[in-house]
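K.L.:
Listed below, chain by chain, are the residues.
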Amino acid sequence: MADPREPRAPSPASGRANGNVPARAAGEPAERSFQVLGKPLRRVDALGKVTGETRFADDLAMPGMLYMKLVRSTVPHARILGIDTRKALAQDGVRAVLTGESFPLPFGILPVSQDEHALCLDKVRFVGDPVAAVVATDELTAEEAARLVEVRYEPLATIGSPEEALRVAEPRIHSYGDGGNLHKAVALDFGDVPAALAGADFVVEDHFFYQGNTHLPLEQHATLAYLGTDGRLTIASSTQTPHYLHRAAAKVLELPASRIRIIAPPQGGGFGGKTDPFGHEIVAAKAALITGRPVKIALTREEVFYCHRGRHPVLLRMRTGVDRSGRIVGHSVESLLDGGAYGSYGVASTFYTGALETVTYQMPRYQFRGCRTFTNKPPCGPKRGHGTPQPRFGLEVQIDKICERLGRDPADWRIENAVAPDSLTANWLKIRTIGLVPCLQAVVEASGWKSRFRKLGRGRGLGIAASSYLCGAGLPIYWNQMPHSGVQLLLDRSGSVTAFCGASEVGQGSDNVLAVLVAEVLGIDILDVKVVTGDTALGPVDLGSYSSRVTLMMGNAAVEAAQRARERLAEAVAERLDVAVEHVGFGRGRVFDVGDPDRGMSFADAVQLAEAKGGTVGTVGSYRPAKSPGRFKGAGVGPSPSYSYSAAVVEVEVDEQTGIVHVEKVWVAHDIGRALNPVLVRGQIEGSVYMGLGEALMEEQAFRRLPPRLSRALVHQTPSMLEYKSLASRDMPEVESILIENPEPNGPFGAKEVGQGPLLPIPPAVANAVYDAIRVRVDEVPITPEKVLAALRSPARRYGPASFPHVPWPEPLIVPPPWEGGDGNAINEPGWREQRERQREEAAKP
Amino acid sequence: MNAPLVPLTVAPREKLRLAFTVNEEARDVVVASYKTLLEVLREDLGLTGTKHGCELGECGACAVILDGELVLSCLVAAMECQGRCTTTVEGLREGPRLHPLQDAFADHGAAQCGYGTPGMLLAAKSLLERTPDPSRDQIAEALSGQICRCTGYAQIFDAVAAAARMMRGEPAPAPHLPSVQRGGSDGRPT
Chain U
1 MADPREPRAP SPASGRANGN VPARAAGEPA ERSFQVLGKP LRRVDALGKV
51 TGETRFADDL AMPGMLYMKL VRSTVPHARI LGIDTRKALA QDGVRAVLTG
101 ESFPLPFGIL PVSQDEHALC LDKVRFVGDP VAAVVATDEL TAEEAARLVE
151 VRYEPLATIG SPEEALRVAE PRIHSYGDGG NLHKAVALDF GDVPAALAGA
201 DFVVEDHFFY QGNTHLPLEQ HATLAYLGTD GRLTIASSTQ TPHYLHRAAA
251 KVLELPASRI RIIAPPQGGG FGGKTDPFGH EIVAAKAALI TGRPVKIALT
301 REEVFYCHRG RHPVLLRMRT GVDRSGRIVG HSVESLLDGG AYGSYGVAST
351 FYTGALETVT YQMPRYQFRG CRTFTNKPPC GPKRGHGTPQ PRFGLEVQID
401 KICERLGRDP ADWRIENAVA PDSLTANWLK IRTIGLVPCL QAVVEASGWK
451 SRFRKLGRGR GLGIAASSYL CGAGLPIYWN QMPHSGVQLL LDRSGSVTAF
501 CGASEVGQGS DNVLAVLVAE VLGIDILDVK VVTGDTALGP VDLGSYSSRV
551 TLMMGNAAVE AAQRARERLA EAVAERLDVA VEHVGFGRGR VFDVGDPDRG
601 MSFADAVQLA EAKGGTVGTV GSYRPAKSPG RFKGAGVGPS PSYSYSAAVV
651 EVEVDEQTGI VHVEKVWVAH DIGRALNPVL VRGQIEGSVY MGLGEALMEE
701 QAFRRLPPRL SRALVHQTPS MLEYKSLASR DMPEVESILI ENPEPNGPFG
751 AKEVGQGPLL PIPPAVANAV YDAIRVRVDE VPITPEKVLA ALRSPARRYG
801 PASFPHVPWP EPLIVPPPWE GGDGNAINEP GWREQRERQR EEAAKP
Chain P
1 MNAPLVPLTV APREKLRLAF TVNEEARDVV VASYKTLLEV LREDLGLTGT
51 KHGCELGECG ACAVILDGEL VLSCLVAAME CQGRCTTTVE GLREGPRLHP
101 LQDAFADHGA AQCGYGTPGM LLAAKSLLER TPDPSRDQIA EALSGQICRC
151 TGYAQIFDAV AAAARMMRGE PAPAPHLPSV QRGGSDGRPT
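In the order they appear, the protein sequences are chains U and P.
The first sequence lines up with residues 1 to 846 when you count with this note's numbering.
The second sequence lines up with residues 1 to 190 when you count with this note's numbering.
Treat the hints as calculated values from the structure; they're not laboratory data.
It is possible that some hints are incorrect.
Stated by the list, open to error - Computed cross-link-like contacts, SDA-like style, restricted to lysine to any residue with a CA-CA straight-line distance of at most 20 Å: (1) U:665 to P:176; (2) U:725 to P:55; (3) U:251 to U:537; (4) U:39 to P:135; (5) P:15 to U:148; (6) U:87 to U:148; (7) U:665 to P:141; (8) U:450 to U:407; (9) U:665 to P:140; (10) P:15 to U:93; (11) U:665 to P:137; (12) P:15 to U:139; (13) P:15 to U:143; (14) P:15 to U:144; (15) U:725 to P:141; (16) U:430 to U:629; (17) U:39 to P:141; (18) U:665 to P:28; (19) U:725 to P:57; (20) P:15 to U:137; (21) U:725 to P:103; (22) U:530 to U:263; (23) U:665 to P:135; (24) U:725 to P:56; (25) U:665 to U:563; (26) U:39 to P:176; (27) U:39 to P:173; (28) U:725 to P:144; (29) U:87 to U:144; (30) U:401 to U:452; (31) P:15 to U:138; (32) U:39 to P:174; (33) U:455 to U:409; (34) U:251 to U:105; (35) P:15 to U:140; (36) U:39 to P:56; (37) U:613 to U:665; (38) U:633 to U:836.
Let the hints inform the model, and build the full structure from the sequences given.
P.N.:
The following block contains the structure:
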């Protein structure tokens with residue numbers, strides 16, 4: 001068993017360094033030398049991207065292909081009385097018209113909220129809900145025929161906001177959930193927070209609002225479905241989660257999963273917007289089954305806004321008790337989520353608005369109340385940071401206010417109160433390495449914080465914030481004991497290695513992660529590794545590109561598979577060179593005696609030797625996270641094998657005449673464990689900063705009611721790229737990125753995530769910078785000029801929500817924190833004593 | 001020389017003959033009269049390197065060069081291209097060699113998902129043809145019609161500046177990397 005403090009090191013053939021570098025002798029620094037890992041190499045899929053040869057889903061076409069268009073609901077909430085498809089079917093070139101009747105079985109990403117139908121069955125729940133599909137010989141015919149489908153609706157009252165959902169129990173948008181139009185309400189007590197607040201020196205209470213926003217990937221969702229010559233129904237689709245689409249398609253189409261193949265071509269961005277199985281994917285598949293022809297659908301940009309699954313609008317009430325020394329004694333979060341019309345990941349999103357509150361600053365007692373409501377809008381789901389940017393915004397702004405009251409420097413306060421490494425939080429999350437303090441120190445130093453904070457003069461300001469994110473969710477979406485990721489390697493006699501994995505390349509560089517790790521372990525060039533990903537027929541399951549899980553989980557599986565391959569080769573080469581297996585080294589495409597590196601052979605010869613000795617060289621590796629210590633209901637959301645940390649300082653200039661906030665510069669530090677490719681890492685950090693600035697300043701998925709003469713329907717305010725404001729090239733400030741490398745024992749070669757974490761500190765750092773500049777608080781995002789001006793005009797010099805509605809919270813689960821005698825169980829859950837006995841017996845087993 | 005516009009009397013489904021030059025090769029196709037240049041490139045000529053992200057002229061993914069001008073191919077009626085010359089991403093490469101912009105985009109991490117990259121490359125090419133030594137502001141201005149949701153733009157600016165240098169015969173600069181600080185096992189700097 002390796003020393004758990006060391007990163008997972010590839011060292012079957014021993015703890016030797018790769019390459020012609022001698023093994024590390026005792027007393028030498030632990031830093032390994034790497035051949036491809038950490039190098040600024042061109043990514044393995046770069047050539048396809050810069051030549052335009054990468055084939056995205058919509059670039060796929062087949063002979064005889066039919067085109068599909070969806071008929072979408074024009075009303076926000078109604079019963080479907082009838083659908084007349086006759087006129088559409090009578091059109092020349094129309095091959096099929098499908099309605100909800102063909103899809104009686106519901107689906108959904110979470111087992112607890114199977115509430116979608118591929119096409120609406122009896123009700124529509126938002127403007128844009130798909131009602132029917134027309135399949136024709138060309139796109140224009142399909143589009144024209146779709147307009148001839150007549151849907152008769154019986155309108156129902158529209159639920160437009162969470163407040164309305166709480167007030168109006170009938171009509172219900174769904175017949176399940178926690179009553180009325182509440183989808184999910186949860187309450188968790190980790191220690192007695194009311195008592196802690198009562199004993200605090202002071203308590204700050206704030207209300208925050210984080211507006212919803214959407215992913216806006218440049219690639220519109222597209223699907224091509226066809227019957228393969230292998231007899232399989234094949235669905236090639238822009239999906240971040242081919243495995244979950246596989247399960248949903250099998251369920252709804254009532255086919256054995258073995259007869260369905262999902263292909264996830266590289267995607268043109270996802271950011272979480274392609275992690276749900278979508279109705280159009282399943283309908284296209286059904287149409288291919290019915291017509292016997294390939295069927296293609298590419299959504300329009302407007303339809304992408306209706307697919308949504310983006311950031312939940314969240315209203316927050318936060319209370320924090322602080323003692324004389326400035327330490328938090330108790331913290332309370334209440335969150336109210338506007339979920340939109342379907343469940344999506346919503347139950348998880350709800351828990352995520354509370355789960356990571358404890359992983360940055362010491363918090364001895366913590367209380368969480370979360371409620372997700374259904375409304376008649378496109379469903380919300382996971383967007384970069386999934387459910388955590390909203391409470392992170394509130395917490396980091398509230399800390400800024402606490403420090404202002406304490407007269408403390410907010411950077412110092414954060415450093416002093418940082419969670420310790422190798423600790424448990426109040427809500428039973430296991431923290432291992434934590435780079436929070438060096439992240440904060442790095443941005444403080446780089447930005448000149450000490451000499452500039454509160455000293456820049458009116459109109460200009462600095463703000464600081466820090467954050468943390470998961471490196472993969474500790475639990476899969478459906479309960480099972482199987483690995484979360486698998487990698488299979490094939491070593492060819494030519495010296496080429498093919499790595500197969502079900503992971504989905506969204507643009508983040510997961511294919512490159514796979515190639516780099518395999519190449520590093522085997523001592524070969526990354527171009528000698530061919531990656532085959534995103535195909536359920538060609539690679540072992542990887543659960544998908546979500547929760548920043550791929551680098552760590554697929555990475556560990558890849559390292560394990562490559563180590564096993566290395567063992568096979570080392571054994572054969574050791575025999576040939578007549579040296580001990582531990583003395584066989586791998587590097588620069590050679591396998592050799594580390595004592596005499598000139599004695600050895602090419603990697604290809606080593607593969608041939610191993611093949612001659614033991615047969616075809618193929619290995620597998622897999623990864624499943626360890627069990628987390630939380631045992632209460634709800635403990636499944638929040639655990640991760642590792643947490644990444646980030647900190648940012650943002651400098652702004654605010655024009656008090658116009659209210660315009662101009663971001664001058666961003667300094668961001670990220671605790672990455674180890675960077676596998678610094679060019680790609682920089683891209684993830686800057687891309688996160690970019691998206692965080694968009695959320696902070698302008699992006700919003702907003703809705704409005706049409707006037708009565710136009711049906712009072714609740715419609716998307718800006719379903720186009722022109723009107724949905726996002727940062728363009730000239731809006732992007734300079735970003736200075738700093739990496740904190742502190743290898744994480746649970747990560748492959750010590751690596752943590754980088755795709756989502758660096759977004760999190762940006763919105764609160766902007767808000768805190770605005771306060772430094774003009775001494776007003778805008779307690780909501782986006783911080784638009786109108787809000788800045790309103791805050792300047794308000795006597796309280798604040799803009800933001802002032803109250804939190806009454807929510808019928810359930811009886812809280814009481815989970816004592818580790819330092820209050822807890823063992824991870826809720827002590828008021830039915831059957832908890834028996835459960836604890838079982839756990840103790842299990843733990844006592846050898 | 002612009003060809004006459006399609007007469008409005010032509011029904012959308014009526015097919016018309018379109019003869020134009022694509023990436024220095026003469027193409028002669030019969031296409032539905034309603035089609036945009038983007039649709040003809042992708043659907044009739046199989047040149048799927050040119051992408052669509054909105055088909056409303058809002059995202060820039062479909063940018064191509066038409067008679068030396070950068071245009072959004074989703075806003076150009078195909079029949080307007082009669083007798084004209086267009087360059088798409090497929091025409092950037094010179095034989096087996098990548099265009100310096102393509103090399104620079106690959107080396108500087110300027111292509112993440114790659115969906116907007118073809119349009120970016122052509123917008124950058126169009127800039128460098130006019131302005132061989134652009135400032136960062138000029139690069140940002142030239143790319144202001146191209147949306148990128150992945151990169152945060154800086155690596156794209158770096159790549160365009162690097163390509164400009166290579167095209168002027170100067171050595172290619174190395175990609176700019178984040179600074180690295182090593183932490184101890186408790187996460188504090190060593």
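K.L.:
Would the hint linking residue 455 (chain U) and residue 409 (chain U) be met if the CA-CA limit is 20 Å?
P.N.:
holds (13 Å)
K.L.:
Check the hint pairing residue 39 (chain U) with residue 141 (chain P) against an upper bound of 20 Å on the C-alpha distance.
P.N.:
The hint is violated at about 32 Å.
K.L.:
Please verify whether residue 725 (chain U) and residue 57 (chain P) have alpha carbons no more than 20 Å apart.
P.N.:
holds (15 Å)
K.L.:
Has the given pair, residue 39 (chain U) with residue 176 (chain P), been kept, meaning a C-alpha gap of at most 20 Å?
P.N.:
This hinted pair holds, its Cα atoms lying about 12 Å apart.
K.L.:
Within 20 Å, alpha carbon to alpha carbon, are residue 665 (chain U) and residue 137 (chain P)?
P.N.:
holds (16 Å)
K.L.:
Is it true that the CA of residue 613 (chain U) sits at most 20 Å from the CA of residue 665 (chain U)?
P.N.:
Between residue 613 (chain U) and residue 665 (chain U) the Cα gap is close to 60 Å, so the pair fails against 20 Å, i.e. violated.
K.L.:
Is it true that the CA of residue 15 (chain P) sits at most 20 Å from the CA of residue 138 (chain U)?
P.N.:
holds (14 Å)
K.L.:
Would the hint linking residue 665 (chain U) and residue 28 (chain P) be met if the CA-CA limit is 20 Å?
P.N.:
violated (51 Å)
K.L.:
Would the pair residue 725 (chain U) and residue 141 (chain P) pass a check requiring their Cα atoms to be no farther apart than 20 Å?
P.N.:
holds (18 Å)
K.L.:
Can you confirm whether the C-alpha distance between residue 39 (chain U) and residue 174 (chain P) stays at or below 20 Å?
P.N.:
Holds - the C-alpha atoms of residue 174 (chain P) and residue 39 (chain U) are around 12 Å apart, at most 20 Å.
K.L.:
Holds or violated: are the alpha carbons of residue 725 (chain U) and residue 56 (chain P) at most 20 Å from each other?
P.N.:
Holds. Residue 725 (chain U) to residue 56 (chain P) sits at ~15 Å (cutoff 20 Å).
K.L.:
Could you grab the alpha-carbon distance between residue 39 (chain U) and residue 173 (chain P) and see if it respects the 20 Å cut-off?
P.N.:
holds (16 Å)
Hints 4, 5, 17, 18, 21, 25, 36, 37, counting from the list given before, are not met by this structure.
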